[in-house]
Every structure is written in structure tokens, then in C-alpha cells.
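Now for the letters of each chain:
Protein chains: 2
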Amino acid sequence: MASVDVPVALLGYGTVGAAVNYFLTQNADDIERATGHRLRVVKALVRDVEKERNFNPDPGVLTTDFQEILGDPSIAVVAEVMGGMDPTGGYVLDLLRAGKPVVTANKQLLAQRGAELFAAAAEAGVQLRFEASVCAAIPVIKVLREALVVTNVHRVLGIVNGTTNFILSQMEGGKDYAEALADAQARGYAEADPTADVSGADAAAKMAILATVAFGSRVTLDEVQYEGIERITSAHVQAARQMDMVVRLIGRATLVQGKVDVRVSPALVDRAHPLAAVEGAFNAVMLQGDAIREITLEGPGAGGIETASAVVADMVSIIGTTGTGFLHNDASYRNLERLEPGELRSPYYVYLRVDDRPGVLAHMAERLASHDVSVARLVQHEQNGGAALHVVTHEARAGDVAEALAEIGELPETTSEPEALPVISERGVAELGWA
Amino acid sequence: MASVDVPVALLGYGTVGAAVNYFLTQNADDIERATGHRLRVVKALVRDVEKERNFNPDPGVLTTDFQEILGDPSIAVVAEVMGGMDPTGGYVLDLLRAGKPVVTANKQLLAQRGAELFAAAAEAGVQLRFEASVCAAIPVIKVLREALVVTNVHRVLGIVNGTTNFILSQMEGGKDYAEALADAQARGYAEADPTADVSGADAAAKMAILATVAFGSRVTLDEVQYEGIERITSAHVQAARQMDMVVRLIGRATLVQGKVDVRVSPALVDRAHPLAAVEGAFNAVMLQGDAIREITLEGPGAGGIETASAVVADMVSIIGTTGTGFLHNDASYRNLERLEPGELRSPYYVYLRVDDRPGVLAHMAERLASHDVSVARLVQHEQNGGAALHVVTHEARAGDVAEALAEIGELPETTSEPEALPVISERGVAELGWA
Chain B
0 MASVDVPVAL LGYGTVGAAV NYFLTQNADD IERATGHRLR VVKALVRDVE
50 KERNFNPDPG VLTTDFQEIL GDPSIAVVAE VMGGMDPTGG YVLDLLRAGK
100 PVVTANKQLL AQRGAELFAA AAEAGVQLRF EASVCAAIPV IKVLREALVV
150 TNVHRVLGIV NGTTNFILSQ MEGGKDYAEA LADAQARGYA EADPTADVSG
200 ADAAAKMAIL ATVAFGSRVT LDEVQYEGIE RITSAHVQAA RQMDMVVRLI
250 GRATLVQGKV DVRVSPALVD RAHPLAAVEG AFNAVMLQGD AIREITLEGP
300 GAGGIETASA VVADMVSIIG TTGTGFLHND ASYRNLERLE PGELRSPYYV
350 YLRVDDRPGV LAHMAERLAS HDVSVARLVQ HEQNGGAALH VVTHEARAGD
400 VAEALAEIGE LPETTSEPEA LPVISERGVA ELGWA
Chain F
0 MASVDVPVAL LGYGTVGAAV NYFLTQNADD IERATGHRLR VVKALVRDVE
50 KERNFNPDPG VLTTDFQEIL GDPSIAVVAE VMGGMDPTGG YVLDLLRAGK
100 PVVTANKQLL AQRGAELFAA AAEAGVQLRF EASVCAAIPV IKVLREALVV
150 TNVHRVLGIV NGTTNFILSQ MEGGKDYAEA LADAQARGYA EADPTADVSG
200 ADAAAKMAIL ATVAFGSRVT LDEVQYEGIE RITSAHVQAA RQMDMVVRLI
250 GRATLVQGKV DVRVSPALVD RAHPLAAVEG AFNAVMLQGD AIREITLEGP
300 GAGGIETASA VVADMVSIIG TTGTGFLHND ASYRNLERLE PGELRSPYYV
350 YLRVDDRPGV LAHMAERLAS HDVSVARLVQ HEQNGGAALH VVTHEARAGD
400 VAEALAEIGE LPETTSEPEA LPVISERGVA ELGWA
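Those protein sequence lines, which keep their order, are chains B and F.
Number 81 in numbering that gives the first Met the number 0 belongs to position 82 of the first sequence; there are no gaps in the numbering.
Number 15 in numbering that gives the first Met the number 0 belongs to position 16 of the second sequence; there are no gaps in the numbering.
The hints are simulated quantities; they were obtained by calculation from the structure and are not laboratory data.
Since we're looking at a predicted model, the values are computed, not measured.
Part of the chain F face toward chain B, derived, beta carbon under 8 Å:
(1) P138
(2) T150
(3) T320
(4) N328
(5) Y332
(6) A429
To be clear about the criterion: a stretch of chain F counts as covered by chain B if any three or more of its residues have a C-beta under 8 Å from a C-beta of chain B, and this derived list gives those stretches:
(7) 21 to 33
(8) 128 to 137
(9) 266 to 275
(10) 295 to 304
C-beta: ideal position from N, C-alpha, C; glycine also.
So here's chain B without its partners, still in its complex pose (with noise of 0.2 Å):
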């Protein structure tokens, strides 16, 4: 195949951005085996075309004037590294409606705005690719939209935010949350203002898109149920210790018989599972599905030039299935009902202290037992004069346990407020009806 010279173009000098062109410069041999294409990039909007860069552009390269690339029929894809939700949306938007494919980093971009975006990218043709969107350089999405195509993924278990697993795999060796944080803080993994990291608000947003494209159904910010680790204590990592478990910050999106849930909360990840084993700043995500059992991916889910590495991939990719179809369509197709939160069901870890006196377990078990709640392991320990109960149960709904919780919070002998955490240990099966 006779070698074809393809103009690209970016949004954004970043990082990331030059980063990209560098990559494309560098590896333009390989990616002319693997394509048969050698990319170039021949535009890039910036805001200062003066200021110092990590890896400079060709004379000429760096232009303040996005219909410079709107406008020139001859850039075949376009890499949008800029960031933020404006001008950056209407910019994709603009791209996409006059044909030219998009490769997207931006998750708040995608989490806010992304039916929009998919919707002018399906009805133009072109593809609007994103897997730098989540999880840094770990192929997700490619996994999940390319190589599991026939798999049926029903279930998305993933640590997405490496700020969160940092701090807790820090509370793990000894450090309380303070200077767990403060840790993640000096070593640049944690803002000065954490709070989109470890209110779980970050995770949230890219278990909306690792859900749309695992099911095939929109899944939009405001839908996750989510929960952070700022209520994580010593205590906790200790008491998960104790039962062979860790803690982690893990985002589940569930499909159970044709509806969807997405939530994302600390849990007690037993010791034995894959997540357990992700360390420090890593980010993983296990897909089950009928056909593969489970598969997990885990690498580094953040940095500059992990993010460049996808996004190149992603502009490869683009020309390498232009014009064939594939991916043209929008990954979400169908619009799938939502599982009422309290239906999914999970075991659990409950904590809670007790007056040390007879009848007062069997108290709490029957409690527990009149919803369906069953116990498959209890740790009771003194503490302070009273007792403390550490109980995992076996799969219940999730609303049979608050309703449990509430009414033990409500007896006399509880002096704690129960506390209840999902539990994380179940593995992927294969189930297909044909042999």
C-alpha cells in the first residue's frame, strides 16, 4: 500500500499536545507499517503562538485561528487536548459537523455534553473517539468497544481514580486520612482543592462513560449515585484487615435483567480479588461478561504522556477503519431503563457498637434476618466498656440493608450509627445458553 501523507491537526499545545505531535513525529515509520498513512501534524490552536514549548511544532504549525482548521479540507482528523468545557464543546461540534473525525481527552466534555457531540458525529459519519477520557493510556474503551464486540459485559468493577487509591493504599501502610492526603498532596497526585478526586465526584464521571459504552446506553453524570472516601478512617483499613479485605474507592456499573446502575463508593475489596492487588496511583477496570468470564486492565490512569499515547492511538485507529464503518455509530444505541438503587444487590461490611449484654446479637440478627439479610461472618470484639460488631453478610438488596440498618440503629442497646459498606469479591462466570 502506497505510503499517503495525512495532515492532523490539534486543539491545544499543551502537554499533552505537543507530547502527540512528538509521538507522531517520532514513530511516524511504525505508524506507516500499521496504517500504511504517515500522520502530520500541520495545525495546532494555541493561545500564544510565542510561548515556550516542550516539543516544537514546524514553523507555521501554531495558529490562534481555529477556522484555520475548520476550514482546511485537508486535515483528516483532529485531536482536541485543550481541555475544558468552553469554546472547547462548540469547537468539537463545529468538527464534527463538517466531517472531520475527533479524538477527545475531555471527560467533563463527554460526561456533560457527549449525547450532543455523538449524535453530530453519527449523523456526519465521522468517528468521535475518546479513549484518553478515562484511564489515562489503559485501552478501555478499545477493549470494550473493539475486542469484546460479542462478549455481553454486564458488570464494570473499576478503580478509576488514582488520587483516592493513592490515600487509601497510604492508610493501608499506617498513615490516618489527614496525612494520607497531605502525602498525595506533596507528591503532585492530590490539588491543592482535592475534593473532585475524593468526593468520588472524578470517578463518577468516568464510570458514566465506561457504562454508556460498556451497555450501549447513555449513561450521564447526574446518574451515578456517588460517594467519597473523606469518611474513611483508620479504623476502617483496620477492621478490613482483619478480615482479609482492603478498602478501595471502586466505581460498579451493573446491568441486572436489562437495567442499569452506576455507583461509585468505598468498599471492602476482599484480598483474593484483582482490584485488591492495584497499588498507589494505578487505576484498573474489570469487565465481565458472559463470553470472557472477566478480563482486568490496569496501568497508570493519569499523565501527560500516557494521555498522549492514547490519543494517538485513537487518531491511528481513525484512519486506519475510516470509510469502512466501523465505529462510525454512536457507542450508545439503545436507551436502557434504570435499576431502582435500592434493587442491586451485594453483600456487605456493617459496623457497628453495641452495648456488651446478653441477647443483643441475637437481637441485631434477627433484625437483619427479617429482611432477608443473612450473615455469612461476624467479628465481635470489646471495645471502650462496649462491644464492637463487624459482620459481613451474604448478597442482599441494597435497600433490604438499610431498612435493617435503620431499624437496628433504633434499638436501645446501639450506641453507634450502623455503618454499611459494599463488599467486593465476586468473580465472572461464563454463562451462554448455547452448548
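Model the placement of chain F on the given structure of chain B, informed by the hints.
Just chain F now, kept in the frame of chain B:
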């Protein structure tokens, strides 16, 4: 994009072939959404058309005549799921030469005739895809070729044989080698003659394929130095545990200053390393590269349904990239030198027994030091009136370690043949010249 009916064919219709037909039938809508095409099995080559099948094809699909597939110009892609070398190899070659893209799950065929088959595919300008030949549904080939196209992968670490990983996991639980092997055989994880698995030969064939794709330079089975788990005893497993490590059969493909080294051997894996968490019959592959640090993929590495899932993904990917030049070339495009085996650097675990008297430790340490092997950790304990030494070295040349151990083995106070196993602890780092 208009729906286009795409006739496809299968060589073989056993468990995998029937599952491929099932997936293409049941998931036709999903596939059409992704590719714009509906794939339909129109012919399947079998030895006996009357045999009972798991999922029956349409009447007239089964045939015993290869020419009905080779000579049908409407067939757009053929999946080889019959296995074996002959007549399989000839069929695949004929199909490629006739301009038909082929998908194969046949590891031995690729390891033995890969160069010839890829040359034929490249000459005809068609794709030969082989995801299912390594680790079943774990999409490591797609990730290497399509997601990591610009990442300069320089190391592949793999647990690519589920049988041996199951046996080693059982030994960690307290069984001895013979018990663990018997258990694997009882569960169907190991064959009656387990040689191909426990000798490391199966893992070596997979590592040859992975190294070829990762480095773009053909590695054949006879170039892979391999050693199995037959000599691993409970003593190794216990020694590893005492040093917070686990024993695993690890494939290593390494690029050292442009030279290739591929080997398979038992190794001690640091418990904090992602590969230490891979339990039971699962497989995992860690890819380390400049732009990604490291990405690990884990999942079931075998199974008929899992294999079929990977075969279908390859068929769909071929239809989605036909005519664009994408992956139409041989994955092997250069001819790299081989690293001299003694040159590979690694930390090592060394075990030996010595007389328990003054000066012995100094003697041994001196021999190691004289070969530039420095000691990172040492545990000495009494054993049968003598002393057992467990040593973990810093990174050292394999050749230096071998020479030092040969000398130590000849010291009068050494009472056992010194043993060495590589230690796997290194993590990927981002190293780019651009910033």
C-alpha cells in the same frame, strides 16, 4: 452506512467453531452497529457432516470439501479453528494466497510457520490475525498492535500458562507438586501427559508470538530459552513466602539496547508486583513501555467460548479495516539481533546449604562480589546441622551469577548445588527524550 451481508467461512466446527457461529448469529445486530456489516457463516469445513454439533449451522453450511471455501469469491474472511499443523497450514497458505484474510487461533502453526504465512498475507495485501492464539480472550495482541503503536514496548512479562499457575497457586496453599498436579488433572486444567505445560514449552510458544509482535522482529520457538516447574518444591514456595514473594512461571521478553531476549522460567515475584496477584488458572501479561510505564491485562487464558470471543473480535476487526492498509503488513518488520544469554540483567534469588562454621558467609559473599553480584537481602537459618542460605541479589548479569554460583558450588563448605531463580520486582517507568 447501508447494511452489507458479509459471507464468512470456518475451517473446523468443534467447540470453538460452533461458538463462533453462535456469536455471529446472536450478536449480528451488535456487529452491524460496530462495522456496518452482518457477518454470516456460509461454509464450515468438517470431516463428518453428520456428527452431532453444539450449535447447528444452517443446512448446507457444513462441507468436507476445502475447495468450496477457497473457490468461493463471496467469502470475505475465513477463521481457522480446526487446529493441528497439517493440512491446516496448507489451507491457511492457500487462502492467504487467494487474497482471503484469515483469523487463526493456532499457536503452534504461528510458532512454526509464522514467517511463511505472514509473508503470504503481506504479499496478497490481506490480514492474518491471531488474537486467540495467545491467552484466549485477553486482547493482548490488539492492545500491542493497535493501542500501543507508539509506546516502544521494551519488556513483556507474562504468566501465559494457566496449568502451571494453578499448580503453583495450589502449592502456595500447602500441597506438594505431585498433589497439585493431580488436582489440576482432576479439574481438567492439566492433560494426562502434562509435559507441554509443566515443561514451559507451551509458555515458550506464546512468548515467541508476544515478543514478535511487541518488538516487530520474528522470534521462533527454538530461540526461546525455557525451563518448567518440575523441579519446584514446597521448599521453594516456603522460602519465597518468607521473603514476601511468590513462585510463578514467568515468560520474559526483553529488548536490551536493540537486542532481543526471550525466556521462560520459574521466578520469585515480589508480592507487591501485579503478577504476584494472579491466582489459579488465570493468565496475565504486563507490557512495559516508554510512554505507558506499564499496562497489565489479566483474565482466563483458555476455554472454548473465550477463544471464540477472540476469533469473532478478529473477524470483525478485519471487516472494519479492510482496504485501509491498517495492519495489512507483517507484525514483524525488522530483524533484531539476539542478546547473548549471559548478558540479561535481573535480580536473583539464590539458595544453597553450607557448613555452619565461622567464615563461610564471608567466603560466599566474596565470590559473589568478585563477579559484581551484590547482596540485597540474606536470610540464614539452621538446617540439619548445617546452615541454609537464602540470598536476594541486586540486579546482576545472568552470566556473572552463573559463574559465581559455579565457584561457590566448588567451595569445600558448600553442601548443596546452589540454585538461582530470577526475581521479578521491576516496575515500568516513563522515559522519553522529548521533555
